[in-house]
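Q: Listed below are the residues making up each chain.
2 protein chains.
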Amino acid sequence: MAEEAELEVEPSSTSRSEQQAPHFLRDIIFHGKFKLLRALNPEENVHCWHGLYFQDGQRRVDYVLTYTMKKPGGGRSSRQSMHLLAENAVARSLRRGPHSRGEHVQHHQAQNTGGSSHLPSSAAADVELGCVGETFSVHEDHKAFRREEFEGKLREMGLELEKDEDTKIPGVGFVKIHAPWNVLCREAEFMKLKMPTKKVYEMKHSSGVMDKISSLVSKALEPLHPHVEEHQPKNIKHLSHTFSREKQHLFDLSDKDCFFDSKTRGSIVFEILKRTKCKAKYSMGITSLLGNGVYSAAYPLHDGDINDSAEANDRKLLYEEWANYSVFYKYQPIGLVRKYFGEKIGLYFAWLGLYTQMLIPASLVGVIVFLYGCATVDDNIPSMEICHPRNNITMCPLCDRVCSYWKLSSACGTARASHLFDNPATVFFSIFMALWAAMFMEHWKRRQMRLNYEWDLTGFEDEEDHPRAEYEFRVMQKSMNKDQKSQHKMEKLTCQDRLPAYTTNLVMMLLMIGVTFAIVFGVILYRISTKAALHMSSKITRNNVQLTVKTTAAIINLVVILILDEVYGAVARWLTVLEVPKTDKSFEERLIFKTFILKFFNAFTPIIYIAFFRGRLVGRPGSYLYVFESYRMEECAHGGCLMELCIQLSITMLGKQLIQNNLFEIGVPKLKKLIRYIRSKQGAYKEEERQKKLQRYETDHFLEPFAGLTPEYMEMIIQFGFVTLFVASFPLAPLFALLNNIIEIRLDAKKFVTELRRPVAARAKDIGIWYNILRGVAKVAVIINAFVISFTSDFIPRMVYQYMYSPDGSMHGFVNHTLSYFNVSHFQEGKETMDPLYLGYRVEICRYKDYREPPWSATPYEISKEFWTVLAVRLAFVIVFQNVVMLMSDVVDWLIPDIPKDISVQMHKEKILLVDLFMKEEQGKVQILESKSFTGGKDNCSRSNNNNSTIAHQRSGLHANSTNSF
Amino acid sequence: MAEEAELEVEPSSTSRSEQQAPHFLRDIIFHGKFKLLRALNPEENVHCWHGLYFQDGQRRVDYVLTYTMKKPGGGRSSRQSMHLLAENAVARSLRRGPHSRGEHVQHHQAQNTGGSSHLPSSAAADVELGCVGETFSVHEDHKAFRREEFEGKLREMGLELEKDEDTKIPGVGFVKIHAPWNVLCREAEFMKLKMPTKKVYEMKHSSGVMDKISSLVSKALEPLHPHVEEHQPKNIKHLSHTFSREKQHLFDLSDKDCFFDSKTRGSIVFEILKRTKCKAKYSMGITSLLGNGVYSAAYPLHDGDINDSAEANDRKLLYEEWANYSVFYKYQPIGLVRKYFGEKIGLYFAWLGLYTQMLIPASLVGVIVFLYGCATVDDNIPSMEICHPRNNITMCPLCDRVCSYWKLSSACGTARASHLFDNPATVFFSIFMALWAAMFMEHWKRRQMRLNYEWDLTGFEDEEDHPRAEYEFRVMQKSMNKDQKSQHKMEKLTCQDRLPAYTTNLVMMLLMIGVTFAIVFGVILYRISTKAALHMSSKITRNNVQLTVKTTAAIINLVVILILDEVYGAVARWLTVLEVPKTDKSFEERLIFKTFILKFFNAFTPIIYIAFFRGRLVGRPGSYLYVFESYRMEECAHGGCLMELCIQLSITMLGKQLIQNNLFEIGVPKLKKLIRYIRSKQGAYKEEERQKKLQRYETDHFLEPFAGLTPEYMEMIIQFGFVTLFVASFPLAPLFALLNNIIEIRLDAKKFVTELRRPVAARAKDIGIWYNILRGVAKVAVIINAFVISFTSDFIPRMVYQYMYSPDGSMHGFVNHTLSYFNVSHFQEGKETMDPLYLGYRVEICRYKDYREPPWSATPYEISKEFWTVLAVRLAFVIVFQNVVMLMSDVVDWLIPDIPKDISVQMHKEKILLVDLFMKEEQGKVQILESKSFTGGKDNCSRSNNNNSTIAHQRSGLHANSTNSF
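So the protein sequences, as listed, match chains A and B.
The opening residue of the first sequence carries number 1 in the UniProt record's numbering; numbering runs sequentially from there.
The opening residue of the second sequence carries number 1 in the UniProt record's numbering; numbering runs sequentially from there.
Think of the hints as simulated: they come from the structure by calculation, not from any bench.
Treat the hints with care, since some could be wrong.
To be verified - Calculated pairs, DSSO-like style, for lysine-lysine (alpha carbon to alpha carbon, straight line, at most 30 Å):
(1) B:274 / A:901
(2) B:153 / A:765
(3) A:585 / B:920
(4) B:194 / A:920
(5) B:901 / A:192
(6) B:920 / A:247
(7) B:901 / A:247
(8) A:911 / B:901
(9) B:247 / A:277
(10) B:531 / A:909
(11) B:316 / B:750
(12) B:198 / A:277
(13) B:198 / A:279
(14) B:316 / A:925
Claimed, not checked - Listing some non-contacts, in silico: residues in chain A with all C-beta distances to chain B over 10 Å:
(15) 198
(16) 532
(17) 764
(18) 869
All figures in this text were calculated on a predicted structure; none of them were measured in a lab.
Beta carbons are placed, not taken as given, at the ideal position from N, Cα and C, and that holds for glycine.
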């Protein structure tokens, strides 16, 4: 831990220039520097701490808005109309999309700080007072005006604001926002936040045998739990209830500062920001203001520093116990993650954790299956028959003219190797993995339910989001156009308005998929053409070059996949922006859908080609099929395509993980750091001075903005595809995924804790569309695995031979059975081999791998009955496999209840406890009121008076009843 | 309407005896009588009206508990221990299950009124006073004691009770329960009921083209809407908010009697009843008390009478506008149904209505497909070829020895008939129906969402039910047994406790399914044996008898299905009771699951046999396969099994619907009425006198108790199975289902309105497990239809012939292609036909329907290549069909949003309006408080004072801020 922090400090100690380096790097540097400096300068520490509070040191900064201040008469002072301004903003955001708002900050900042010297704060103050000097451009003037209006509105909502324009960062002004207690209460009530009440209850642990075992297990797993103090005994739980000011007495309000934690405060302020609208030409919310550059960024503050000397805070705790490679073997402190980042991010990490956990058994079984293949490779009769020198079968030439006859025993190596992946255990493994996927889904549902309960989300419903700024702008534009013709105001975009965007979408998607296909086809052509060239070269170089070609082709595929991945991400975003979806949620869903389709095709097209198309349409000796009249269609090696599939799969998967994760996510930042280190040698010393005094909100301003969880999820879903889709051909996939994920968790954690601005905590009950995508992938996986087993592997032909044709029920003679006969004299003119005596003897009948009639039958070289038999069995296997496995998945789904038993019991218990609590309270009230009315005390509060009289009335009614009717 | 009511009065005007006739009949009779009598006796009417209120005429009766009063020293006065008593009760309920509680009433009542004269109410009063005379049995004593305790508890909860033991019904005491206003408010708050607020808003209708069309459509459909006044303009909607006493001012409380309607009041009282527990040896809730016979029934009251002269009430309105065959073409007044019966029953009828509506397009397309078959029957080349006298193909004998050769043209009729159901349109229709099912699901989801919104159920969460009485009793028993060994108390039943029940379940389920198979097999044997006998008889009788055998076999199947349906219903209930599920919900789910499995197997086993097994393993001429060594396996007629499947299907479906619906649900009650009419001639006259004065709660007491929606849903699901599962073979199924459902809706409505006690209104967001079952059936339907098309019909062989073998691409020669050759000289000894000259000439080669090698090939009579080709294509078709249709269903699922657009927009709008409302209120509060503090007014209510000061503080803080920092 400590060493790591030190390590990151090292280069920064000589750092100078601040302008161009990435912001998150600076942050790391600041932390290191603070640590060094604070030892010398204790009051600096206090000052920094104050960055979390207003000037008075009392009121917490819950949220920060930043804006750019421009030098009077600076660069772009041309008079721009409001309309143009808005259009600019939209155009800009069109280029960037929803989560890149933060980028505007840098954009503006770079413009401003690059082109001008420091802005005196007095000028900004002028704006505040409304005295718009002629030196200001109308542009800036409008912005300041908007800000003033917006901040006024915020104050109306009860928020408290403090401005800070005299910061260490030139050209950036900060508005610090504090939500006072009564605003917090009000909003918590509106948002129906569930808060813990004073009422605690003990969760009973019955002392059955099962419980003893489970407690033993949990003791054994103790070292795997992170050292995060949860500050409360495990058996005691606070009852939760929707917060309501009328029921304040239920809650423990002794410490009003801590009742709402920083995450909640941030999201409450964000809620108010979203609701507040400027009444400009069209109503502008915070998203429009950010989009238009009125504000440049909006973010809540991190809890504090993460370096060793900083005070204990949640962020530091997370850094030590979570975002750390040295604790890779431990569980994640999900509760703390949720407490700090909110439910949505908490759910992502919980999901990632569960996925990684579930990969452990999968990779174990995968390794066992692989080892089984290794162990039985010598007992495999078909490969023995191929390798046996006695069975020296003469094979037909693999191409016309240039190729010659060859011996089957030369394919011995590949035949043995393909047994590793093509054995009966593979069938078992793909069934296992299909069930594993179903189990994973079920487990996740349960985990989600448990988290929902623990995080008091039961009863919370996702709400329709506010419309996006771009959408509102488009609607306004449309209604303005309409206004000239008719009177009424348009309220939404119709299908017609979106038709062009939809068309573009469709065309672009098809085009992109077409590009993928084209590239895959190009790689195939590369392979075919080199192969054709090879056949003409000498025998010695052939084997070496063949391997080279295979490898280079796979690497080309990989590189193309990596490049297209980035391209497709950008294209999908652009297309989604074109669509102008109404809400952020719908934007996200459409984006995810498109990205998923494109990336999925990108990653799996070459693999699908190898699995299902390669070697299918090759013709037969004497009438091979050709593409472009000169290149023969590719064929798989004698052992079947499964091994080649496996090679392609492993290269793609490993390459993607290694390069995308390690190079992009770890390497690139390190490289940037290195560049920065070299540059800093010539930098200015003044920078260092300034950094010392940076406040919390300034430090956070240099961090990267949070860009959503989509890329993180997407990476994992594609990986899930690799793990499940072709698992029949590559049983080691789960193992590689597991190794990757162990790193991935900590990598992501580090990013969230150290490199990103704190995201606004979002509530979420589930992982949304991702769950459906997972389900879809798992479903497709069943079908694809069925086809891989029955069509790509030799499993079915072997079975058919063994049970239908074998004379003694064994596999002996299988190889002979799969080979058809060809009479050399049937070669057409110009197709016979140029080197008929290559093997040293004259060949009359050669063999080739196919099910065709022999030359002496009535219909020579026609597809034989065996072919149709094998095909029927293959198809029957697909039907049986698909339906049986799907049925089993459904049974698993149905057997495992979605809500864990203990949770449902506990929820029921809590419900009863809560009603009890209210009933007691009710009775208490009645008693107090009765004693009051007995003593004749007056009560001014009309409501409780009312209550009282009703109750009294009822009571007397009761008495009347009991005396009258009984 | 009026005639109908009159009609029902007729027999009752002379009715006398009350003891044995079904109660709902009595009710009908009473209504009729009241109508007659009220004209003479107006004050009677008032008296009856008062049955809805307490004696004071002010307080409404919200709920009624009844109990039996026994004559002192009557029949069973032996001293029974409490333990025995409890055991009795449980044993009794074991026999009857959860929803048959009401039956106890009659049970007890029959015991009591049968064995004893009227009980003087003074004796009961004694019990009330706690003076337990020695004349009472301990049994009755205990019960009275429990009642007293329970009623005391109810009073503690704030309910008001009135006893009535001096009723017209001897031996039955009534406890009328009234929930006063404050209790209603409290419970509404606990139950989080959403109530309409005062705030209304107008739903805007934009004047686009689409809206104009939709308003035109709705105008055109106007006559289809029932005449139910909704009392509010259509465009205005009340905002809803969870009821809370602190926010009373939001709600329109001008009429406190109507704020909570009768349904809500009933369910609120029921909620309290469920929560209230007697502390006996083990804690007893209302379910235990009912189970133990402490109370005999518990029900809320109907709103009033349904006859013409009764005052307007919701029940009467429902009777006139809903439960009436004359309005069969109209929409259902679902809103009113929900208002009267609650959400759960409302959802059932909404579902049934949507299903019926969706059947309209399905049956239309079905009829068109059928007509297409009829129209093209003369253009069908294969049947033309069969019928053509020139193609006089000699067929092989259909059995050994006794059968002889026959001419293919004799199969002309069946070949033509089978074209009706076996044509390309069938393939289209089964794809259509698969998509139809997906559309239905989606539509239902949307309708459900819309209803949820309209009924203010958004945000409502299903809660875990209270444990069932039987479960609690078992737990108590177990803990008592344990007590002798160890100290701690058991809290639940473990798997071990349930193991015997689970085992019984499994064994019984398998046994029952075995019974179904055995019976189906028996019917098959019946057919085979009669057929074998037939072959020996003369040619003339043969055809007639063959038809008779087919029909009788189908009818036997039908009768068996009908009988087993009832048996299986009882078995499933018994098995579920054995399991002792914890909650009512889990009881229902387990019961439904078992009933569904059994009834499904029962209904579909004979059909599945015909579709997939009949005629598959028949051997070939010369080596036919036999069962029991003497009976040949059944074969289908030459046209394929599809027609026979169609016959079986239509007989089963129509028979089931006609007999189960019309005979059981309409006929049996009419029959009972007739019996009653004959008996009443000798009855007592005094009865009539008594009936005049019956109060509402007494009238309702005679009605049947509500037995849950399970049977209603189950009937519909099995029907849905008929409509979707084998729709490829019977395109008219949707039409028959539609006709049945139009009656079914009104039949069920009548039952609910007139024949059942009012059910306690239950809230529900969805139709629960039924939706999953529907989905499951729809999924299975895709697979079964794929198999029916590819294996049962001749679609695939025709396609294969046309595209692979036909010389000219037409169907000419298809019949010849499907027939194999048999050399008569290859008959084994003793298998050749006894009448070789039956056709008048000597036969050397005969033909039979199969794909086998001809006698002159190397492997005669082996399965031929054509067979494997056709099989492969069949299997490929199954794979393609299944996956394409499933994909299309998923696309439909994905394309249609679950939440209708307008609803989601409206929900969002309401949310904003609500926040606005609260914010305004908030500001109003601040202003009032400020003006108060300005005038120096004092405020004793500490809470609002607190608020005030906080706000004041904030305000001043704001001022300070704005002056200091800006």
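Q: Does each hint fit the structure? Answer for all of them.
A: To see whether the hints hold, each was checked on the structure:
{"no.": "1", "hint": "B:274 / A:901", "result": "holds, 22 Å"}
{"no.": "2", "hint": "B:153 / A:765", "result": "violated, 39 Å"}
{"no.": "3", "hint": "A:585 / B:920", "result": "holds, 29 Å"}
{"no.": "4", "hint": "B:194 / A:920", "result": "holds, 24 Å"}
{"no.": "5", "hint": "B:901 / A:192", "result": "holds, 25 Å"}
{"no.": "6", "hint": "B:920 / A:247", "result": "holds, 21 Å"}
{"no.": "7", "hint": "B:901 / A:247", "result": "violated, 36 Å"}
{"no.": "8", "hint": "A:911 / B:901", "result": "violated, 34 Å"}
{"no.": "9", "hint": "B:247 / A:277", "result": "holds, 27 Å"}
{"no.": "10", "hint": "B:531 / A:909", "result": "violated, 66 Å"}
{"no.": "11", "hint": "B:316 / B:750", "result": "holds, 11 Å"}
{"no.": "12", "hint": "B:198 / A:277", "result": "holds, 26 Å"}
{"no.": "13", "hint": "B:198 / A:279", "result": "holds, 28 Å"}
{"no.": "14", "hint": "B:316 / A:925", "result": "violated, 43 Å"}
{"no.": "15", "hint": "198", "result": "holds, 17 Å"}
{"no.": "16", "hint": "532", "result": "holds, 34 Å"}
{"no.": "17", "hint": "764", "result": "holds, 17 Å"}
{"no.": "18", "hint": "869", "result": "violated, 5 Å"}
The earlier numbered hints that this structure contradicts are 2, 7, 8, 10, 14 and 18.
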